[in-house]
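Take 297 as the starting number for the sequence shown in the working numbering and just add one per residue.
Just to be clear, a hint being listed does not mean it is correct.
What the hints assert, rightly or not - Simulated restraints on C-beta separations:
no.	residue 1	residue 2	range
1	ALA425	PRO497	22 to 28 Å
2	GLY558	LEU662	29 to 35 Å
3	ILE563	SER388	50 to 56 Å
4	ALA425	ILE647	48 to 54 Å
5	ASN411	THR520	15 to 21 Å
6	ASP333	GLY643	37 to 43 Å
Stated by the list, open to error - The list that follows gives simulated cross-link-like pairs (lysine-lysine, DSSO-like), each with its CA atoms no further than 27 Å apart:
no.	residue 1	residue 2
7	LYS412	LYS570
8	LYS412	LYS459
9	LYS459	LYS490
10	LYS459	LYS429
11	LYS334	LYS383
12	LYS383	LYS459
13	LYS435	LYS459
14	LYS697	LYS629
15	LYS518	LYS629
Keep in mind that the hints were calculated from the coordinates and are not lab data. Treat the numbers as computed from the prediction; the structure is a model and nothing was measured. Ideal Cβ positions, reconstructed from N, Cα and C, are used throughout, including at glycine.
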Amino acid sequence: MKDSHSRMREFLFLLLLGTFLIVARGDDITHRYKEGDKVNFYVHKVGPYANPQEAYEYYVLPYCAPHDEDKSAGVDKNGGGGGLFNKHKSNSIGEYLGGHALRHSGHTITFALENKEIEECTTSALTEAEANKFATAAKDQWFYQMYLDDLPVWGMVGELVQKEGGSNEIHELQPHVYTTRTVTIHYNGDRIVKVDLSSNPSDLVLVQPGVRLTFTTEIIWKPTNEAFHSRFDRYLDHSFFKHQIHWFSLLNSFMMVLFLMGLVALILLRTLRKDYARYAVSTIDEEVMGGETGDFTDENGKPLIEEGGGGSSTTRSTEESGWKQVHGDVFRKPSLLPVFAAILGSGWQLIVLTLGVMLFAVAGPLHGELHEDRGEVQHAIIWCYALSSVISGYSSGSYFKMYYATSTTGREKASTSGSSGTEWQLAMFLTVLLLPIVTVSIMSFLNFIALVYVTIN
């Protein structure tokens, strides 16, 4: 008993110690730092400003980074050499699906440093191919994206500048690259709440073969009183979100739609009820009735069976019209029942998945907004897909069972009639594989195109 109590105390102590270490650690996971902690600065992508979907690896352009092994950024996590420069950041599955490829910039950033921190690096002499890359980026107005404490910052690669004494014609413009970046970090206590990046047009340098470019990064820390929980609000489209939602108008429209749907359903129900009653009366066996027609009336007292004009014979108003002319086709077994059942189940799964992701996004204030974490939408899609598979299996199986007997007797009858007794297994496997195969095929095709053009999206 004493040994069990001692082991329990040791386990609780280790648990509390691990929790303390996780909370006390300063990194971009807990988003808490103390003075002197190192802050990781990652580079993400470059691409045309007019088409953000066309994105490439940051180091497609011949940028450089600090290589000072004495700095903490130049020592890897295992204590060996080589540095953190250009090393991939560990991503979640949602980030991988979203095409996020973050690499360490190699810059050393110390949290809440009072003095301005300046780091420089110089490229080797640009070859003609490297100079052409920078020239293309400046001509097409490429931008780059970086991340610091999960906060994105953007900057322009370069600009086209008019020659001295030249005109504004396109052939008179020369490609220049920004060589100085000023990163201003605003912090509140032990948290980073805002990051700004700016470039000075006076630091534009002409790009041509044989030139060595010296890139300078200035890090400035500024205290602020802004709250941490609202640090992503500045990234939202304020021109869209500044208008309040008119809930009364939405509710009014929704109730109007419900009213009209109920009115149409009531009219159809009254019409179909009479048709169903007449159709049921027409199938009554004369022998069961003993030759008598009986007194069949509807809810208004009108007879469902009309007596004929001559003799004692009676005629029933069983003339088929409208929907009754196709009722046999509507309730007939589909020719490809397993495939149709799988498509039906996958459709219901897509509906439930979409609604689940929408509800997850609406509940953002409870678990964290989707735009605050990279890959959050992809995570929500994966979870909703896994949970909605129950709906897919149930809807597919129930529809399949309506037209195909799954009992032993039903399978024997189906085998004697020429049908395969394993159709329900086929329907099950098609339901499981249909949506993933279609999705993976489309994504593989798009990724193949992205690989051909060496893009990351």
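27 Å limit on alpha-carbon distance, applied to hinted pair LYS383 and LYS459: 39 Å, violated
Distance restraint evaluation - ASN411, THR520, Cβ atoms, bounds 15 to 21 Å: About 18 Å separates the Cβ atoms of ASN411 and THR520, which means 15 to 21 Å holds.
Measuring from beta carbon to beta carbon, are ILE563 and SER388 in 50 to 56 Å? Since ILE563 and SER388 have Cβ atoms about 53 Å apart, the given range 50 to 56 Å holds.
Check the following: the C-beta atoms of ASP333 and GLY643 are separated by a distance inside 37 to 43 Å. 51 Å, violated
Quick one: are GLY558 and LEU662 within 29 to 35 Å, going by C-beta? 33 Å, holds
Taken at face value, is the distance from the CA of LYS629 to the CA of LYS518 at most 27 Å? Violated: LYS518 and LYS629 sit about 72 Å apart, past 27 Å.
Between LYS697 and LYS629, does the CA-CA distance stay at or below 27 Å? 11 Å, holds
Within a Cα-Cα threshold of 27 Å, do LYS334 and LYS383 meet the stated pairing? Status holds; Cα separation ~16 Å.
Is LYS459 within 27 Å of LYS429, Cα to Cα? 20 Å, holds
ALA425 versus ILE647 beta-carbon gap, inside 48 to 54 Å or not: Because 51 Å falls inside the window, the suggested range holds.
Is the hinted pair LYS435 and LYS459 satisfied, with a Cα-Cα distance of at most 27 Å? Within the cut-off at roughly 15 Å; holds.
Straight-line alpha-carbon gap LYS412 to LYS570, limit 27 Å: Violated: LYS412 and LYS570 sit about 86 Å apart, past 27 Å.
Violated hints, in rising order: 6, 7, 8, 9, 12, 15; the structure is consistent with all others.
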